[in-house]
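Taking the hints into account, I'd like the entire structure generated from these sequences.
Read top to bottom, the protein sequences are chains A and B. So the first sequence is numbered by the numbering used here: it starts at 97 and just counts up by one. So the second sequence is numbered by the numbering used here: it starts at 8 and just counts up by one.
Quick caveat, the hints were computed from the structure, so don't treat them as lab data. Hints are not guaranteed to be accurate.
As the list claims (entries may be wrong) - Computed Cβ-Cβ distance ranges for the label pairs, DEER-style:
#: 1; chain 1: B; residue 1: R38; chain 2: A; residue 2: A539; range: 47 to 53 Å
#: 2; chain 1: A; residue 1: L248; chain 2: B; residue 2: L53; range: 40 to 46 Å
#: 3; chain 1: B; residue 1: A481; chain 2: A; residue 2: A539; range: 52 to 58 Å
Unchecked claim - Derived coverage of chain B by chain A (criterion: at least 3 residues anywhere in the stretch with Cβ under 8 Å from a Cβ of chain A; other residues may be distant):
#: 4; segment: 85-94
#: 5; segment: 151-157
#: 6; segment: 246-260
#: 7; segment: 534-540
Backbone N, C-alpha and C define an ideal beta-carbon position, used for all residues, glycine too.
These are the residues of each chain, in order.
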Amino acid sequence: MRELWPWLQPLKPHTGRLLLGAVLMLTTLLAGIGLLGLSGWFLTSAAVTGALLAQGIQATLNIYTPGGGIRFFALARTVARYFERVVNHDTVLRLLADLRTLLFTAITRYPINAAATHSSRRLSRLTHDIDALDNLYLRLAAPAAVALVTTLIAAGLGLLISTATAVLLLCLFAGLLVCVTVLLAQINLKHTQQRIDRIEELRLDIISTLDAHKELAAAGLMTSRGRMLLRDDAGIMAPQLRADRNTAVAQGLVTAAVQVAMTIVLINGLFAVQSGQLSGPALVLVILALLGVGEAYTALPPAFGAWGATVGSARRLNRESGPQVAPDKVDTTHFQAGTLELTNIGFHYPGQPPTVTGLSFSANEQHSIGLVGRSGAGKSTVARIAAGLLKPQSGVVTFPVTPDPDNLAVGINLGVSYLAQRTQLFNMTLLDNLLIGDAGASAEKIWKVLEVVELAGTVNRWSDGLLTWIGGNDHQLSGGEARRVALARTLLADTPAIILDEPFTGVDTNTANRIKQRLPGYLAQRTLIALAHDDEALPRVDQVITLGN
Amino acid sequence: MPATTDSLAPQLQENVAAATDEGPPARPSSRQWLADLGTHARPLVLAAIAAGLVAAVATIVQLGLIAWTIDQAITHSSALPDLYPAIAGIIVAIAVRTLAQIAKDTAAASASQAVRQEVRKQLAQSWQHKGPNGMDSDSPATHASEWLEQVEALDGYYARFMPQMLLSVLVPVMILLVVFPLDYIAGGFLLLSAPLIPLFMALVGMGAERLNQQHFETLGRLSGHFLDQLRGILTLQLFNQTEHATRDVREASDAYRRTNMKTLRIAFLSSAVLEFFASVAIAVIAIYIGFGLLGYINFGPSASLTLFTGLFVLMLAPEFFQPLRQLSQYYHDRAAALGASEQLISRLQPVTDTPSPTAARQTEAPEALSNQVEIEDVTVAFSGRGNVLSSINLAIPRGSVIGLAGPSGSGKSTLLNLIAGFQQPTQGRATVFGAQPGYNRFGWLGQEPYLYHGSWAENLRLVAPEASDASMLAALDEVGLRERVDAAPTGLHAPLFESGAALSGGQARRLSLARVLLSDYDLVLLDEPTAGLDEHSERMIINALQLLADGQRTLIFSSHHAAMLAFADKVYQLNEGRLDNA
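Structure below.
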């Protein structure tokens, strides 16, 4: 239950809507009870009066008030139900949009290394878990509250017959309420959580299967992989079926309890009628009203049967948006305009031997630096340290810009534009991908950069030009083209310093050479650090440092 | 970065264009498709319907006994003990009703399960049928959401809607058969109001269906969009674009709410129509019977109305509408299933008549044995980019090592994809040792090798599930990664990290090569195996490939690197999609 509290907080701005929804829900129910109860009372009164009239005894019955009441309840029920549903669903979807945004914001505030969770798992959290919370507002909280009110109404109806009947009804419905909410939730908890967890595993497996589609298809393994996914799927179905069965039993319990309540009222009521303590019409009113009462409970079993799913989602969401990693206050960072400097840096990944020891270099506008080393020598680690993504365990890093404290102190916020070793493009147009580097870039500036990376001609030949769709899972760009788009994006950002990690991966030598020629001109007055596996793959730099050994 | 809607628009146009261009033959309607799938669980659906009928009969009996008991007690002042048998009957009826209802729900849940499993089986087959290049346009997350959420959306149709569809006809008919002999005017009211309901619902439902489909498209795109943003979160953080991305997420969520509400408003309208008819019918019947009992109505059967018949009819009136009301609540399930099925059907439709060769492996035999990889006059065109390959002719003898050189974008990757069978030629023909490309298993090393977020062993077993620990260690030794694994405390079972954060690019490539070494392939295709690698890694890879090139296996690779190309028996030069005559 504690897991759910944080998710009740964003309710506050929506209190008005939520209350309106609950009131409409209750109105619908009361109108239903009123319609049946009043109809029963009117009909029985008519029968009694009719019998008296038939015997020639003078009797009167006001037919207008109950008639009008019946029509009123009939209309009220329809209208209230419609608006209840529209209002409540709209509120929930508004809430979900709020929650999604909150969660995404929380994730983007994480320094990247603290957030190593697999991205597809996060995707599932954002959509699936947040959506599972609609259960919390729409199907759990409000209906349970309404059912509680209804239980009291049922007991009140019982009072019309006898105190004993009222107590019996109260016990019966209270018991039912406990069974189809708390008890059912408890019994199903294990099944539903198991199911949700397995769904997440399956989602990951599906995504990795398709990510590795080529390798698997080449090895002729797609059939067996498909069979494996289906087997996992059956593992999801089993707990679901058990939970469904429990929910069906709970639903049966609701029917039985309502009918048993009616029977209790019938028996006790008949005693009361025959002893003259109760009129016949009043008895029928209570019996038929109870039919309406039953409606308040029918929606509960499916919702509470899935309680475990809601709690499980809330728990995972709590973990994701949980306490933020405190910003590093250790004084390993200095700032000096135009300079990107590493002094006596030592770094090791947790539980592994040191990747970098005692590394020092200083780059500025007049002095660019190249770092070479074989794979595994720690080049990318140094690049990440210089981009602010990793904090060294010892030594001092001097960045060219003091970061805005409201934003994560990485990349351009530290005055560093960084091309990571792995090409990461977005599933958007070429233009949108480039604008990530500089959202306000002019067309002129963009074409100039495309010239630098030798893409201007290629893009001009594409029929959609800058608006060509690229990125995503398997873009139609070749590896070299994608790399040059990423390079162009990095060059677009107007930062004092720029870090290029293997800028020419996949780019043929001739093209790479031409880009190398143009870079110094484009980067005039900016500080450059480039990293590569050997001198050949470096742009022109003033000093080359070899890492490792 | 512009707003989501902007960036989604071209994709939408693409989808529309794709849909009209292809015009897949004989596509079944959603309704037909859902009905056909139902046959996979027919006995269970029938069992659910039978149980529903038993519950309905028990309900009618129970209500009749209640009405009779009240009538006896109030108008005939019967002594209570005389009524005990009737009360016992009520209790029995309640028990039967409850048990039948439970049986109905359980059977229906099993039916739905059987159907969903069938659909997933078909989905898995279609992935294989289409091959990797046939399904690129959507992200793996979209496919995962299809397999999970969209197939789940069929649940309500089979677990609730389908059995209820028949029950919503049978049960009201049963009730009419009881009401008519009691009072044909009251029966007439019910009969009159009933046919109006499906009519109105159909009118309302038609709109809901289209909207629901839209809803699922939005949901699928939302998933793809999120994954894309999350995968690129490092880039967003580095370029301080997270606020923009958050705004995107906000807008996408709001757009989702708006489409969703459109669907829901209409879905709710259909149930409101029903609610209205049910309420009015109860009200009219109550007033009619009341007046009849008072003796105000002097025609028809009203004179013979008693408290028993009146009460019985009044209590049956809500039961008459109950199955229809439930059906309308499940109408949402139906609309959801129809919306999901639209997308599932088009996913299950073949893109082209010829399946991806990797899928045909089990079915088609090779045409003739040959000892060559043959490419005859092949042209490949991509929309918007023109010819990526133009009239390529190539014959590669078995056992040779072939290098493909050329500037980036010259068509090297496309040629490799063609030989792999991932890419269909727009024109011309390719065969591998006499068979269709991809007919036989082969080794593939792509430009961005896929790293699974599990352990070293899991990564290696991805394409060689049978590999032993010893052979995995040997393969890692070949590519120079053995030390790294030995250094890890749990060895082969130590985890790698996502996207190889803890592995350098060169190490990731070498790991991927180790996978290829684990199996004995006749053909190995490598797309830029040494791009971006230092000399050490390059040497490691060339050494490992030298072991592979034993005169039996055929190796074909693309590369820019002199060292790599020097290793080939023959190098073909590609330029703007054409083969230079070397």
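Hint by hint, here is what the structure shows:
1. Against the hinted window of 47 to 53 Å, the Cβ-Cβ separation of B/R38 and A/A539 comes to about 50 Å, which satisfies the hint.
2. For A/L248 and B/L53, the Cβ-Cβ distance of about 42 Å falls inside the hinted range of 40 to 46 Å, so the restraint holds.
3. Taking the beta carbon of each, B/A481 and A/A539 are about 56 Å apart, inside 52 to 58 Å as hinted.
4. Counting residues of the segment 85-94 of chain B whose beta-carbon sits less than 8 Å from any beta-carbon of chain A gives 3, enough to reach three: the coverage restraint holds.
5. Look at the segment 151-157 of chain B against chain A: 5 of its residues bring a Cβ nearer than 8 Å to a Cβ of that chain, three or more, so the hint holds.
6. Under the rule that three or more residues need a Cβ within less than 8 Å of chain A, the assignment of the segment 246-260 of chain B holds, with 10 such residues.
7. Restraint check on the segment 534-540 of chain B versus chain A: 5 residues with Cβ-Cβ distances below 8 Å, three needed, restraint holds.
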